[in-house]
Amino acid sequence: MLRAISLSIVILLTILFSVGPSVHAQKAKKDKMDGDANGETKNTDKLVKSGIIVGKVMNVYEDKRRLRIQVSIPTTKINPGAGTQIAQAQQQMLQAQLAMRNARDPNSALQARQQLMQANAQMMKAQAQMYQTEMVSQELEVQAIDDVIVRLANPKEEFDEKGRIKKYSKAELKELRGDGKLPGYKAEFSDIQGEQVVRVTTVRKKGEPTMTKTAPTPKKKKGKDDEDPPAVDGLADKLLQVSLIEILREAPLNK
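The opening position of the sequence shown corresponds to residue 96 in my numbering, with each subsequent residue numbered one higher.
Hints listed in this document are in silico derivations from the structure and should not be mistaken for laboratory results. Everything numeric in this text was worked out from a predicted model, so none of it was measured. Since no wrong hints were added, every one of them can be taken at face value.
Straight-line distance between alpha carbons at most 20 Å, and here's what the computed EDC-like set of lysine to aspartate or glutamate pairs gives:
no., residue 1, residue 2
1, 262, 345
2, 281, 241
3, 144, 236
4, 333, 236
5, 281, 252
6, 301, 241
7, 159, 283
8, 281, 157
9, 276, 242
10, 333, 234
11, 281, 267
12, 251, 286
13, 159, 242
14, 251, 267
15, 159, 286
16, 300, 242
17, 151, 341
18, 333, 157
19, 144, 341
20, 251, 274
21, 144, 241
22, 269, 252
23, 333, 241
24, 151, 236
25, 333, 242
26, 300, 241
27, 300, 236
28, 333, 303
29, 269, 253
30, 151, 234
31, 333, 158
32, 144, 242
33, 151, 345
If you anchor each label on the Cβ, the simulated ranges turn out as follows:
no., residue 1, residue 2, range
34, 167, 241, 27 to 33 Å
35, 253, 175, 54 to 60 Å
36, 267, 344, 21 to 27 Å
37, 301, 172, 36 to 42 Å
38, 253, 168, 34 to 40 Å
39, 290, 222, 38 to 44 Å
40, 227, 303, 34 to 40 Å
Cβ coordinates follow ideal geometry from the N, Cα and C atoms, glycine included.
Can you make the complete structure from the sequences, with help from the hints?
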């Protein structure tokens with residue numbers, strides 16, 4: 096009797112151990128699928144690099160951790176003078192071709208051929224100058240993320256007791272540099288000033304376009320005793336988000 100009971104217990108434990116892991120695995124798989132369906136996976140909030148912008152700081156909104164930057168954008172425009180030169184060169188080519196047909200001696204034919212070659216060269220030169228590239232200044236605002244990193248291309252200048260610029264030792268430079276994987280030297284958002292030249296690294300959420308838009312908040316009718324809701328910075332989500340700000344050049348001293 097005892098042997099039969101022991102055998103039954105062994106069989107029961109064997110079944111539990113063989114079924115248990117598969118049940119837990121199926122439950123974990125189901126939880127993961129539910130999490131993916133609800134958009135609660137960690138990858139949804141992952142930020143990816145979307146670009147780099149270099150420009151001059153026009154304004155710093157330190158309370159909102161926002162910058163207004165002036166950038167130069169190349170634009171292409173048609174050169175009207177080149178069009179006139181092309182038309183003149185075509186006319187000269189037609190005249191040279193007509194002169195070649197009517198030439199009565201080798202010298203006249205040779206002269207007409209040279210005129211044709213010159214007109215052709217002038218037309219090719221005018222075609223190459225048909226389009227011109229100009230740099231146009233444009234201002235844009237960028238929003239720093241909560242854990243934005245600010246770096247200096249060169250360490251901050253410090254002066255000794257005699258008013259001379261201090262020379263840092265290797266150990267001091269290493270301390271100022273901090274994380275060796277980051278460019279430049281440590282800085283704070285408060286170090287950013289107008290007229291500085293900066294390079295910012297823009298980021299976006301994985302799977303989202305570079306510029307995001309926020310849906311408008313529906314307006315409610317306000318009652319007599321209702322208070323005004325707190326102000327919300329709706330522009331922050333529409334601006335380019337930046338994760339790294341590098342101060343490449345300080346502002347001119349005469350500013």
